[in-house]
Amino acid sequence: MPYQSPWKELDREVETLRNNPSGCLGVDVGGGEGNDGWYGGKIHFTGKMREDGHIVLQRPELGPSCRFTRKYGSASLVRIKVPQKLVGDKLREYCKRPFVILGRVFRAFYEKDLTVFLMQTDEVLSSDQNSVLIQKSDGRSISHFINWHNPIFQNREQTMAKWAARQALALSNSVPGVLFKKENIFDIPDESDEMIMTDGCGFVNRTVLNTLRKRHGWHTTPTAIQGRLAGAKGLFLVHPTDDDPEPKAWIRPSQVKIKYTEEQMSDPALRTLDVLRASHMKTPGRLSAEIIINLSHNGVRPKVFIELMAAGLEERVRALTDWEGPDGPFNVWCAVASAGNVFNARAAREAAGEARVNGYRDKDDDDADDDDDEELIDIEVAVNGRSSAWWADHISGCPSSLEETCMVLIDAGFTPDTCWVLQAKLREVIKSKIKTYVSKYNFEVFMSCTAFIVPDPVGVLEAGEIQILCSDRVMKPSDGSDELTNVIIGDVVVGRNPCKLPTDVQKVRAVQKDELREYRDVIVFSTKGDRSLASKLGGGDYDGDKVLAIWQPEITNSFQNADPKFLDPAAEVKEWISKDPTTVSDILEGSTRTSLDHFIRGQQDFLLMGLRTLPLVGIYSTMHDYAAYMKGYDAEETVALAHMSCIVLDGTKTGLTVKSEVYARHENLYRKGKRAPFWREEQKKDTEKEKLIPANEAHPKRPEALQNFVMDRILDASRQERDKWLRYLDEHMPEPAFTDKDLEEPLRDARRRAQNRMEKGCHDLHDDLQLIEHHVERIWRERPTRGNSEKSGNKEGGASFTGLGIEQRQDKLRELSRKFVTELTAEDMYLIGKWELEELKASCAYSIAPRNRFPFDVATRHLCAIKARSLGPYKVVTQNFYERFRIHKSFAQRYGRS
Numbered sequence: 001m002p003y004q005s006p007w008k009e010l011d012r013e014v015e016t017l018r019n020n021p022s023g024c025l026g027v028d029v030g031g032g033e034g035n036d037g038w039y040g041g042k043i044h045f046t047g048k049m050r051e052d053g054h055i056v057l058q059r060p061e062l063g064p065s066c067r068f069t070r071k072y073g074s075a076s077l078v079r080i081k082v083p084q085k086l087v088g089d090k091l092r093e094y095c096k097r098p099f100v101i102l103g104r105v106f107r108a109f110y111e112k113d114l115t116v117f118l119m120q121t122d123e124v125l126s127s128d129q130n131s132v133l134i135q136k137s138d139g140r141s142i143s144h145f146i147n148w149h150n151p152i153f154q155n156r157e158q159t160m161a162k163w164a165a166r167q168a169l170a171l172s173n174s175v176p177g178v179l180f181k182k183e184n185i186f187d188i189p190d191e192s193d194e195m196i197m198t199d200g201c202g203f204v205n206r207t208v209l210n211t212l213r214k215r216h217g218w219h220t221t222p223t224a225i226q227g228r229l230a231g232a233k234g235l236f237l238v239h240p241t242d243d244d245p246e247p248k249a250w251i252r253p254s255q256v257k258i259k260y261t262e263e264q265m266s267d268p269a270l271r272t273l274d275v276l277r278a279s280h281m282k283t284p285g286r287l288s289a290e291i292i293i294n295l296s297h298n299g300v301r302p303k304v305f306i307e308l309m310a311a312g313l314e315e316r317v318r319a320l321t322d323w324e325g326p327d328g329p330f331n332v333w334c335a336v337a338s339a340g341n342v343f344n345a346r347a348a349r350e351a352a353g354e355a356r357v358n359g360y361r362d363k364d365d366d367d368a369d370d371d372d373d374e375e376l377i378d379i380e381v382a383v384n385g386r387s388s389a390w391w392a393d394h395i396s397g398c399p400s401s402l403e404e405t406c407m408v409l410i411d412a413g414f415t416p417d418t419c420w421v422l423q424a425k426l427r428e429v430i431k432s433k434i435k436t437y438v439s440k441y442n443f444e445v446f447m448s449c450t451a452f453i454v455p456d457p458v459g460v461l462e463a464g465e466i467q468i469l470c471s472d473r474v475m476k477p478s479d480g481s482d483e484l485t486n487v488i489i490g491d492v493v494v495g496r497n498p499c500k501l502p503t504d505v506q507k508v509r510a511v512q513k514d515e516l517r518e519y520r521d522v523i524v525f526s527t528k529g530d531r532s533l534a535s536k537l538g539g540g541d542y543d544g545d546k547v548l549a550i551w552q553p554e555i556t557n558s559f560q561n562a563d564p565k566f567l568d569p570a571a572e573v574k575e576w577i578s579k580d581p582t583t584v585s586d587i588l589e590g591s592t593r594t595s596l597d598h599f600i601r602g603q604q605d606f607l608l609m610g611l612r613t614l615p616l617v618g619i620y621s622t623m624h625d626y627a628a629y630m631k632g633y634d635a636e637e638t639v640a641l642a643h644m645s646c647i648v649l650d651g652t653k654t655g656l657t658v659k660s661e662v663y664a665r666h667e668n669l670y671r672k673g674k675r676a677p678f679w680r681e682e683q684k685k686d687t688e689k690e691k692l693i694p695a696n697e698a699h700p701k702r703p704e705a706l707q708n709f710v711m712d713r714i715l716d717a718s719r720q721e722r723d724k725w726l727r728y729l730d731e732h733m734p735e736p737a738f739t740d741k742d743l744e745e746p747l748r749d750a751r752r753r754a755q756n757r758m759e760k761g762c763h764d765l766h767d768d769l770q771l772i773e774h775h776v777e778r779i780w781r782e783r784p785t786r787g788n789s790e791k792s793g794n795k796e797g798g799a800s801f802t803g804l805g806i807e808q809r810q811d812k813l814r815e816l817s818r819k820f821v822t823e824l825t826a827e828d829m830y831l832i833g834k835w836e837l838e839e840l841k842a843s844c845a846y847s848i849a850p851r852n853r854f855p856f857d858v859a860t861r862h863l864c865a866i867k868a869r870s871l872g873p874y875k876v877v878t879q880n881f882y883e884r885f886r887i888h889k890s891f892a893q894r895y896g897r898s
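Residue numbers (full-length UniProt numbering): 1 to 898.
Since the hints were derived computationally from the structure, they do not count as laboratory data.
Incorrect hints may appear among the rest.
[Said to hold, decoys possible] Under the rule of at most 27 Å between Cα atoms (straight-line distance), these lysine-lysine pairs were calculated in the DSS-like manner:
| id | residue 1 | residue 2 |
| --- | --- | --- |
| 1 | 85 | 684 |
| 2 | 565 | 631 |
| 3 | 672 | 574 |
| 4 | 565 | 528 |
| 5 | 653 | 431 |
| 6 | 672 | 659 |
| 7 | 672 | 85 |
| 8 | 631 | 507 |
| 9 | 819 | 867 |
| 10 | 631 | 81 |
| 11 | 579 | 259 |
| 12 | 653 | 96 |
| 13 | 684 | 701 |
| 14 | 684 | 282 |
| 15 | 181 | 96 |
| 16 | 90 | 672 |
| 17 | 579 | 528 |
| 18 | 303 | 282 |
[Unchecked claim] Taking CB as the label site, the calculated pair distances span:
| id | residue 1 | residue 2 | range |
| --- | --- | --- | --- |
| 19 | 323 | 253 | 44 to 50 Å |
| 20 | 605 | 265 | 25 to 31 Å |
| 21 | 605 | 311 | 51 to 57 Å |
The structure presented is a predicted model; accordingly, all values stated were derived computationally and were not measured.
No residue lacks a Cβ here, since even glycine has one placed at the ideal position from N, Cα and C.
Can you make the complete structure from the sequences, with help from the hints?
Below, the structure written as structure tokens:
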């Protein structure tokens, strides 16, 4: 299917908003919209600021929706990515000014991760003697816009830092769920002793969850959903007793971030549950480097992780190289689909913004750090989106990704021993998986799972108890038996990312309670004890945090909980931070003495605070890595830096900042002129390594007084495993010795027929073939080169083409395939018809360059058709059907694939 254009969607938005101001919300508010499941706000308008200050607008793309854009329309929001080098007061002052885009006036109302969010106002641009003025109209202003979402008068008791951070709630990547009546939204207290035990988790009744299941086509009704409702955020767990047919919600104080008046709650946008994602359980789970370090510190032997790494790597490589037997191609096809997360990527492209809520992952799960609060949509996706470059070329039929290309070739009947392109691309897939697996340290733990954590809704779990209950029998039991289970009983260690303190992983006891039998696909934590278990895990809560739970005996038997003293920061840490005491009330008092414009700019000072200084989250994480390596994981200064990492992580929400003199001291001690540990550098992509490596600095050498660092041990072993399997790849996947005669046959046959006709005095077919060959040779010469290695037929490399971004590469390739098809057509032929012409061009391209990507860049679809037809019975399907095909799990398991 070709790339989805946003223009039709935008036209529908504009027309809908013209007829019904609430029509894009996706729920039925009496205006006739919302009944067909459609909602607005899915077009992304983005741009990038260059280092010279110029802003370059990018092509609009379909993507995730959010509350703001569903309320005001996609065109009301523009996201501008700013370069890190420009961060400072000048950039913030610049962004406080109005922006004029295509005659429309926009104002900056928030910043996150170097992305500035601009909203369209009803201000107008006027010109007088070459001067530019902003004249206010009677419509919506920046002040009106901000106060609709985050009313400053109703939230005057907050600090300005917290108030500003709340802007993110309406920018969450979400889909509209259920519209509630005002009287069906209830307030309930948090469970608490000395600390809140239900932080971030409320309830909805089963009616809500069943409605969402039907709307989104989920195969089961979820136990919980992560969402936003009015000014509340977090998880909404199924209510333990309510079975009312009307949708109801119960909100706890710990969820409420923004307060609204009764009148403001009449707005259906605020009474609509915005759904981020539904609960699900994934097994097995994956480790991260931080969790490995913690487990090792608390007693787990390095050998355990090395064995997990080796077993997981062998399984992946063998699955991608096992062509033996009649089912070999089928098995490899399934393995390639899994390696590239192809089915979810296809579904995510089609979903245009619903990937997360429907459980699709448009990125490799090797990104284990999936536990973020995710108050904002993925900014990089918004600005750099999975655009048309990630769709198959609808002219040539060539997919964009390596994995999808391999699948298309395999299911057409190609094999690596006869198809140079399949062999080259499959090698790259396997090499990439090998290198990523050993460098990211995201090893699978066979007896583990990952899921949302929720507080015990009925209070039956004792302190130190949890429940792990899955909808299906898919979990491997701790006794190692082949009989899978849906419930775990016994010792379990739980942890989440970030994981920097010795106490950030805890050993608990998994039990099963009949009262909790309906709470499946989540991990239920006890609400009893001196503090919540979630808070012990890196300062977590229940607003959507995911936890890795491990019951593998090799880990649980040797793991010992760390001393609770590490849970709270030392007194000196509190002296290292400062807090801006400015409250919303202070700003309101000042507004009586200043102009409206000055009042708005005063709010922008806080809304755009992130543009003043670089974020310190990554910096303090790097300093913690260094201290853990050189001082010890539980050393006093390492633990202090771990707490500082947590503080700066939440800095935008809490208003806490590091004192300048403290940061300078920490930077001198743990960062300036110091190189990251070698294991950490190996984890970074090549493009990131250069930023990490100070000139002429050696890697830090761990003091002899400390034990060998677990990551050094794993790195040594993983590099040996990597080299072993790369050698295996060279031995088992040599370059094809012969060309594919099936692909050459159409051209050979046409030449024979042309020769026969010439002997009878007819030159028409010969002349047609001459035109075809000249055309193909001309396009071949115009192809983008991938370096000198391409000319020799060896593996393609070089930076002239492969060094370009994917959008530029795909633009060049698609222009080439367009020329290949359109610059010689059946109208130019004497005898040959349209379909035969395309087949002959494809065959000719292969005959010219059998050891090159060129034939498949311009004619994948026709080359696959030739191959499939030559092998015997085959089936023709449209692209729309093909991209929805997948192998049912039970069928795949017959052949040893899960």
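Would you pick out the hints that fail for this structure and give their numbers low to high? 5, 10, 15, 17 and 19
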